[in-house]
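Protein chains: 2
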Amino acid sequence: MRQSHLFTKTKKESPSDEVSLNAELLIKAGFINKEMAGVYSYLPLGLRVIKKIENIIREEMNAIGGQEMKTSIFQNKETWEKSGRWSDDVVDNWFKTKLKNGGEVGLSFTNEEAHANILKQYINSYKDLPVYPYDFKDIFRNETRSKSGILRGREFYWKALYSFSKDEEEHNVFYEKAKLAYKNIFQRAGIGHLTYLTFASGGTFSKFSHEFQTLTGAGEDTIYIDENKGIAINQEVYNDEVMESLELKKEELVEKRGIEVGNIFSLGTKFSEPFDLKYKNQNGEEKLVIMGSYGIGLGRLMGTIVEVLSDDKGIIWPETVSPFKVHLLVLGNDEKILEEANNLYENLLLKDVEVLFDDRVDVSAGEKFADSDLIGIPYRIVISKRSLADGGYEIKKRIEDKGVIVKGEDLLDIIVSWGIKI
Amino acid sequence: MRQSHLFTKTKKESPSDEVSLNAELLIKAGFINKEMAGVYSYLPLGLRVIKKIENIIREEMNAIGGQEMKTSIFQNKETWEKSGRWSDDVVDNWFKTKLKNGGEVGLSFTNEEAHANILKQYINSYKDLPVYPYDFKDIFRNETRSKSGILRGREFYWKALYSFSKDEEEHNVFYEKAKLAYKNIFQRAGIGHLTYLTFASGGTFSKFSHEFQTLTGAGEDTIYIDENKGIAINQEVYNDEVMESLELKKEELVEKRGIEVGNIFSLGTKFSEPFDLKYKNQNGEEKLVIMGSYGIGLGRLMGTIVEVLSDDKGIIWPETVSPFKVHLLVLGNDEKILEEANNLYENLLLKDVEVLFDDRVDVSAGEKFADSDLIGIPYRIVISKRSLADGGYEIKKRIEDKGVIVKGEDLLDIIVSWGIKI
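First to last, the sequence lines map onto chains H and C. Quick note on my numbering: the first sequence kicks off at 19 and runs consecutively. Quick note on my numbering: the second sequence kicks off at 19 and runs consecutively.
Any given hint could turn out to be false.
[Stated by the list, open to error] Among the chain H residues that face chain C by a calculated CB cut under 8 angstroms, a handful are:
1) K27
2) T28
3) E31
4) P33
5) V37
6) M54
7) Y58
8) S59
9) T89
10) I91
11) N94
12) L125
13) L137
14) K138
15) Y140
16) V149
It is worth saying that the hints were derived from the structure and are not from the lab. Please read all numbers here as calculations on a predicted model, not as lab measurements. Just so you know, even glycine gets a beta-carbon here, dropped at the ideal spot from N, CA and C.
Please model the complete structure; the sequences and the hints are all you need to start from.
Here it is as structure tokens:
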């Protein structure tokens, strides 16, 4: 894409009420727009990141048998009364709204009821199980505290998968698969090295739930990590009994702050009972379905990446979720150099390299460099009088301080050697 | 996909309060779930159709310079007060909800204000124009009448693009491009032959708005079509003066019912004035931006396709939006035949043919045929004892009554000759 066509521009300032690093950088770089506290729009660059994250998650969910659907945001009272969660006394962060012809509807704050209600129609026999429906949807929570940018919103974009299994054994097999899928997601999104499978409080149906916590001082949670084993305990279950059951030793654990980027937990029959989700087994006996829940906030994941992968100049996107792979900068207004830059841009497009081409005229080299660092695309290519005098193009990784000069004919080989998919 | 894994099943009945043909067929075939009047969830088959429609629209919008973003559903009062549309006296179908810490927010019922408010930050100079942001999003309208299935919902999935141009001339050039893009969309979605560019009432800023009306008795609008010229007039502007200005003759017009599947209109400075959307031209003078609006409801388009392309057995999807290209049916429980069907399924997947494989055992041939007709995938391939005795596989198009027997080795060639992208 030509940067001269991109409607966003970088900004010097973010809104004065914006105190989180993620939102500050993303607003300055033109990825998101703050609509109100806890509500953000994704601008073209931001949506490209969200779509990449979405595709990673979709691939991993499909690989373990997920079936994508799109459930409605409007939720009806009758469905939620079955589980007892319609009442504002039980759920204190509902958004509800009034129908003109009477009655109230809720806005999805989670998805168990919607899925259970749909699956109820299709589950009768053991042959109908297991199934793993999921969706990506906007979720709404009436938060009073919304100061963490896109880490915690009143409106946020979320993936939820629910598993419907015949029994505990089948449930557990899938649960372990989901754990691995989640590890893959955070690995592929570039924060695997900072993300710990964390044991947190369970509930009626299982001893633990499992969170994926990414280490950062900006995190809301306190966790105790075992760096060698790559696992952690959430403060809420940090006690001798739990440590013993996980074969962890207090002296090997380090206290850290983390952001919960994903969580999975067993639901047992919590929802299959009220929704009468039963199936007939091979002996013709009626059995309750066993459910599990697997969530990831896509905006939260994007915000976490920004929190942990940035420096004082801006964002440092992992290749896999960067809005573009290459940021091509042309400096100066020399016609011949502009033409050469244009040709390179067209060639990169022909090779399916995702490239943002800073073709803006009357913008100084300093501004272009600063914008490029702020936006944070992993590879920068510069064409200028100086680079051509030095023998070609300057290629620099965002994470490195110095670039190298390469000849035009070597450029594509170098890009390939850096592992950019072309 | 293996049909034995698909969690939906066909149904004999749709809800008794469902009176529209589109929702009835889509519910029976397992594409959608009715959550309440005017609110539907898209199940896996339905979402596949929506995604194909979305991709067609995205390609056409990008081709004319569109930049996709994802604006928030929550809308704040201050933004909408600028245009005067916050008031329930002005807009009578708002859904609003209350924030816990005071104040109200609205749910998007349209998108002009959201786009104008964002673009205000980025438009300063003539160099920043024109720009064409768009998004796909869930839209909410507090309708009291919701009996048209997915044609008219309280919640619906919508594409909206807004054009921001320097002057009328630049606006008009884009407006004509958008008309062609819309024609392409309906052509590609398989209803081009039934869809008429229709002149409808304009407003302060232009003589006409333009609707795309698809002919069907189920339509809400009355239009007068000129079949030769391929254009129509909406009843609301059907008068001598309009006919004359369009060079249409009353005696050549035929009265029909239509569904409005898309509409485009000029906004002039209606929103750029209240949002103070100005730019400096090359002489340094401040000028107001000229806007235009271009909407398509994706669910409505899907519902319209079902209304006009179905028979008494079920849906007849156009290839471009069908959830799968091929429906492969294996009949009987003969091990050898099942194995051959499995091999064919795997081979089709290797060739990237999108195939739904009805591998269900203990389901009769009659049921499989009925399900296949109801679901409406354009090509059906049957493997059975009989087809093998006749020399191979039976291939039948959904729109044709009789199939032909082809040899296994010819199968892929035939599929290719029918134009399925493999």
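Hint check: is the beta carbon of M54/H less than 8 angstroms from a beta carbon of chain C?
Since chain C brings a Cβ to about 5 angstroms from M54/H, closer than 8 angstroms, the hint holds.
Let's test the interface hint: is any C-beta of chain C closer than 8 angstroms to that of Y140/H?
Hint holds; Y140/H Cβ to chain C Cβ min 5 angstroms, cut 8 angstroms.
Against chain C, with CB atoms and a cut of 8 angstroms, does the hint on I91/H hold up?
Check passed: Cβ of I91/H comes within 6 angstroms of chain C, closer than 8 angstroms.
Less than 8 angstroms between beta-carbons is the criterion; does T89/H satisfy it with respect to chain C?
4 angstroms, holds
Have a go at the K138/H hint: is there a Cβ in chain C nearer than 8 angstroms to its own Cβ?
Nearest chain C Cβ about 11 angstroms off; hint violated.
Would you settle whether the hint for P33/H is holds or violated, based on the nearest Cβ-Cβ distance to chain C being less than 8 angstroms?
11 angstroms, violated
Closer than 8 angstroms between Cβ atoms is the bar; does E31/H clear it against chain C? Give me holds or violated.
11 angstroms, violated
Holds or violated: is there a CB of chain C closer than 8 angstroms to the CB of Y58/H?
With a closest approach of 6 angstroms, the Y58/H hint holds.
Next item in the hint list is L137/H. Is there a CB on chain C closer than 8 angstroms to its CB?
Constraint on L137/H satisfied, holds at 7 angstroms.
Evaluation of the interface hint that places N94/H against chain C, nearest CB under 8 angstroms
5 angstroms, holds
Have a go at the S59/H hint: is there a Cβ in chain C nearer than 8 angstroms to its own Cβ?
With a minimum Cβ separation of about 4 angstroms from chain C (threshold 8 angstroms), the hint on S59/H holds.
When the nearest CB of chain C is found for L125/H, is that gap smaller than 8 angstroms?
7 angstroms, holds
The structure does not agree with the numbered hints 2, 3, 4, 5 and 14 stated previously, though it agrees with the rest.
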